[in-house]
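Peer 1: Okay, here's what each chain looks like letter by letter:
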Amino acid sequence: MHLSPDEIIYWQHGVVKLNATIVFTWVLMILLTVGSKLITRKLTTDYQRSRWQNLLEILISGMVDQIKEIGLRQPEKYIGFLGTIFLFVGTAALCTIIPGYEPPTGSLSTTLALALCVFVAVPLFGIEDQGLRGYLKTYTEPTVIMLPFNLISEVSRTLALAVRLFGNMMSGSMIIAILLSITPYLFPVVMTLLGLLTGMVQAYIFTVLAAVYIMAATRAEKDPTAISN
Amino acid sequence: MLIDWFTVCAQALNFLVLVWLLRKFLYQPVMQAIDGREKRIAAELADADAKRTAAQAARDEFERKNTSFDQERTSLMAKAATDAEELRKKLQQDVANEATERRAKWRESLVTEQQTLKETLIEKTRDEVFAISRKTLADLADSTLEASIAHVLVKRMKDLGAAEKSILKTALETDASPIVRSAFELPNTEQAAIQNAFRETFSNNLTLRFEVAPDLISGIEITTEGQKIAWSIDGYLTTLEQSVDALMKPAAGAAA
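Chains as they are written, first to last, in this note's numbering: chain P, -8 to 220; chain W, 54 to 309.
Chain W on its own, in the form it takes in the complex (with noise of 0.2 Å):
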């Protein structure tokens, strides 16, 4: 007989005894083992995934950002270009500006220069002029500045025209004190002249008023209600003025 059915028996319970073995000890481990490496690879495909999802986020984000940069750049070059073209312009305005008032203000100080080198001149002029008169008159005539100067007026007085009388007549008959004004104080001698060829000169009997005045410039002067009787060195000063003015004229134009 082939069949033992003792054996059938034992060897069926023996596969049922190996299915369960095999179960335990074999199946169950290494679909576990393989179950849980394919979920790990799933989840770090996941994790990769999300990382590549994340880079290109970052990418997009950053490639954004960057031409946004670039165009924040490109319109603040364009700005700064402009601000730097119009402050350009007015630092150039504000140089011409400078410039100009710049060259009024040296106008303006070589005309103050220049009156003053005239005044100075003019001033030096008087006084050598004064001082070689003086030394002149006094080497030769055996006289003074002063008393020629009052001589001068004396001369004048004498000289003066018939119409010229009449109008200062006209003027003395409402002054009763007419004023010699002299630049230096008349010794007494000098002003007994001019008060006898006054009284001769007019006809009166009226007392001069004999003051100092520093501005007349070496000069004398009798005056009555308007009307004046004088010789000064004003006159020679103001041609020598004249005759600078000329001169300082073209030194002028030249420099400007």
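Isolated chain P (complex conformation) (with noise of 0.2 Å):
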């Protein structure tokens, strides 16, 4: 039993290794890109579309609306970043349903690299609307006194965002191989729905989170209605 796709490496020369974490995210990044060439080969501006357009844009609209709903002012900004979070960790958790796939996000490795990702894009985002110096201004406050509380939390967050995930889909996947050593047919597939739903709020969760720390470097954090961590 592997605790990580880590662990399971099919080719390594030096550090350089292909293990079943990158294998199966190139995998997923293939579905993706393809399946989004050939949904998006035949857009139309016209009332009639096809279906899968149809599902595209309710997904796309949808992400558009929830991060316009957390505060942040200019979707189309960040629906690149957050939609491919949510889409990449939502495809990792759904594939969970065919055997012999294991899901890249149940690698430590990958978690953190996400976090990583959110860890870098957060100060960046924060820089790009309101300056540097405002930015930085944001850790002194409500006092200079919170400055190093303010950035032990932006290095934990990381932290929890990227453990909590791992967890998550780490967790799921232990468990329905160890109950499919125990018990075998019913409960592993009840487990397995569970872990479609698990994995959906895991990515949903992750998403919002990201966003939220995105509206928080940037001006809307001023909103008092907005989620905080």
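A few of these clues could be false.
When the alpha-carbon atoms are kept at most 30 Å apart in a straight line, the in silico BS3-like pairs for lysine-lysine are as follows [stated by the list, open to error]:
(1) W/211 x W/281
(2) W/77 x P/33
(3) P/59 x W/158
These aren't lab readings, by the way, just hints derived from the structure by calculation.
Starting from two chains that each stand alone, build the complex the way the hints lay out.
Peer 2: Structure follows, in structure tokens:
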């Protein structure tokens, strides 16, 4: 039993290795890109459109609305980053129903990589929005005394983000693996269904938290109704 | 070790590549399609709004014109009614005038007709009277009408009163040739008889001039300086005319 798909190594040369995490990530990337390309090939602005286009529009409009509800003023600017997080994590969770599949999000390396991307993206978006000085000033709010706590919070929430997703995805895969060896057939199926739900919820939580961090780093943080961690 | 730093770096890179790929192949096309549709809907709504505004304006214009047309029609109808009333009165007046005029003309023509009839009657009567007299005289006394008339004139001269003779004598003193006018050519015998009777009556040697005057209506007269001795059928005819007038008047009154 592997705790992480990182342990399944197909090829290695020094530190460079090709493990299940990277391979399944590539598979998901190809799936998403080819699928997008196929669906968007015949996009139309007419009132009559294909069902796939309709599904895509609903999905993307839903994400845009969600980002807007969180408090970000220009959802189109963040849809590329936040939407990709949701689609990647969500697709990784959905594919768990395929036998032999190992979700890349079940690897702490992947979730840490995603969390690091958020960790880097948040200040970038913050600086872009209110300038370097304005962004740095947010660390001294409400007082300068809060500066170390704000810095700790910045690092800890990134770790929390990574570990939360990893823990949920890894535990789901582990539970199903354990249950398969104890009570095959019915029970693992139910747990797989539960795992699908958990996976989608985790995708949503990861995306929303990333959006909230970006929102906090931009001027929209002043909104008192904004969601906080 | 749960964290493999190579995998972390690779996954971070993979994620960034995926962000780029999805942005290029998914978000941009779909967002563009949504935006395009929204713009199209907005344009169509704006177009519909503009058309509705135009339709509203057209309806307002139509209603305004309709109201104006109604008012114009009402005023025209009123004017037409007034004009018709005026025309009716004028025509009525014209007809009344024409009727009056025609009645006057008819009366005039009736009078003329009566006059003509009367004249014709007189002429016919005179002719008939002469014809009857001539025939009667010829049958009974072996005499012509002209001779009888001349005889009447001679008799009248002889029957003149003293006053009348005196007046005529005074008149004859200034007139050298008194005139005898008759409606017909007097035969020489009658002319001589008249000449003799004249000289005997007035005791002078004046010579009479004999003239034919058809307007005397079967009569004879001797005129001199405003005085005359005459006889004609005219007197009888005047009486006849009066009788005819008396007969015609009731008929004319009934016709009027």
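Peer 1: Holds or violated: residue 59 of chain P and residue 158 of chain W, Cα atoms, limit 30 Å.
Peer 2: 110 Å, violated
Peer 1: With the threshold set at 30 Å, check whether the alpha-carbon distance from residue 77 of chain W to residue 33 of chain P stays at or below it.
Peer 2: 15 Å, holds
Peer 1: Just to be careful, I want the Cα atoms of residue 211 of chain W and residue 281 of chain W compared with a cutoff of 30 Å; is the pair within it?
Peer 2: Since the Cα atoms of residue 211 of chain W and residue 281 of chain W sit roughly 14 Å apart, the hinted pair holds (cutoff 30 Å).
Checked against the numbered hints listed earlier, the structure breaks hint 3 alone; every other hint is satisfied.
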